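158 is the number that this note's numbering gives to position 105 of the sequence shown; each next residue is one higher, with no gaps.
Some hints could be false.
Said to hold, decoys possible - Computed list of lysine to any residue pairs in SDA-like fashion (alpha-carbon distance at most 20 Å, straight line):
| hint | residue 1 | residue 2 |
| --- | --- | --- |
| 1 | Lys58 | Met248 |
| 2 | Lys110 | Leu98 |
| 3 | Lys58 | Glu111 |
| 4 | Lys146 | Arg105 |
| 5 | Lys109 | Ala57 |
| 6 | Lys208 | Leu221 |
| 7 | Lys203 | Lys230 |
| 8 | Lys164 | Asp102 |
| 9 | Lys230 | Asp102 |
| 10 | Lys110 | Asp142 |
| 11 | Lys208 | Gln222 |
| 12 | Lys110 | Ala124 |
| 13 | Lys203 | Arg192 |
| 14 | Lys208 | Pro183 |
| 15 | Lys203 | Leu228 |
| 16 | Lys109 | Phe59 |
| 17 | Lys58 | Lys203 |
| 18 | Lys208 | Leu184 |
| 19 | Lys181 | Arg192 |
Stated by the list, open to error - Okay, the calculated beta carbon distance ranges per label pair:
| hint | residue 1 | residue 2 | range |
| --- | --- | --- | --- |
| 20 | Pro78 | Arg114 | 25 to 31 Å |
| 21 | Glu141 | Gly115 | 16 to 22 Å |
| 22 | Ser246 | Pro218 | 37 to 43 Å |
| 23 | Thr285 | Gln229 | 48 to 54 Å |
| 24 | Thr285 | Thr63 | 48 to 54 Å |
FYI, nobody ran anything at the bench for these hints, they're computed from the structure.
Treat the numbers as computed from the prediction; the structure is a model and nothing was measured.
Glycine included, every Cβ here is placed at the ideal spot set by N, Cα and C.
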Amino acid sequence: MPYAKFILPTAPTQPVTLNMGMSMPSWYDIVGLDERSNEECNGILQSRDRIRSILKKEHDRGLPYSRMALAGFSQGGALSLFTGLQMEDASQKLAGILVLSGYLAGEPQFKLTRGLEDTPILHCHGTKDPLVLFQLAGRSRDLLASKGVKNYTIKSYPMEHTVIPDELQDALLFLQKIVPPVEGACIKAKDPSEMSVAELREALQRADVGDKARHLVEKHDLVRLLKDHRNTSK
Numbered sequence: 054m055p056y057a058k059f060i061l062p063t064a065p066t067q068p069v070t071l072n073m074g075m076s077m078p079s080w081y082d083i084v085g086l087d088e089r090s091n092e093e094c095n096g097i098l099q100s101r102d103r104i105r106s107i108l109k110k111e112h113d114r115g116l117p118y119s120r121m122a123l124a125g126f127s128q129g130g131a132l133s134l135f136t137g138l139q140m141e142d143a144s145q146k147l148a149g150i151l152v153l154s155g156y157l158a159g160e161p162q163f164k165l166t167r168g169l170e171d172t173p174i175l176h177c178h179g180t181k182d183p184l185v186l187f188q189l190a191g192r193s194r195d196l197l198a199s200k201g202v203k204n205y206t207i208k209s210y211p212m213e214h215t216v217i218p219d220e221l222q223d224a225l226l227f228l229q230k231i232v233p234p235v236e237g238a239c240i241k242a243k244d245p246s247e248m249s250v251a252e253l254r255e256a257l258q259r260a261d262v263g264d265k266a267r268h269l270v271e272k273h274d275l276v277r278l279l280k281d282h283r284n285t286s287k
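Work out the full structure, taking the sequences as your base and the hints as a guide.
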């Protein structure tokens, strides 16, 4: 999906009850391993609002909500589900939601936004998952169906709490379906001179010339290296 922009936010570090109260990266507090949807999930509302703000920032840059999707693994999948179905109004309906080994978290705090009932949802889950039990996938679908959700697909895989190639292929096909390339659109690479140093180094790494940039410290040198690489690759 070369036309897509992927944003990978990191959860804040905070105390987690299940982790004996010790701090760890977490979108919300987890109390136990069973009946997770009944937990209060302290912090989940703040995390939902943070994800909403990221989506709004992209929208303010000109990207329609209908060209955005939320995806995540485990707790990230739970937050994607919790946020994607609770956008502020129907005008912010997303292209879809991808849940990997997740579940409906914070059900007591969840209220489906009217107009988002048919948001496409793909839930991939391992039948041997010892951490987020496979039955929680069905329970999440049933709970959401009782609230009006209509387009919830579950796909199962013989795996534990992890990901496998077959699952990732299904995830890719889902994302390509809900966010296809815009017909006739020209995908233009960002001008190196407009990139930050971090973006330059990432682009050089993807181009397999990261070693040449290792000892460069000035931005103009990184810009020249990337431009030279693109020119010789044409």
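### Task
Output the numbers, in ascending order, of every earlier hint that fails for this structure.
Going through the list in order, the structure violates hints 9, 17, 23, 24 and respects the others.
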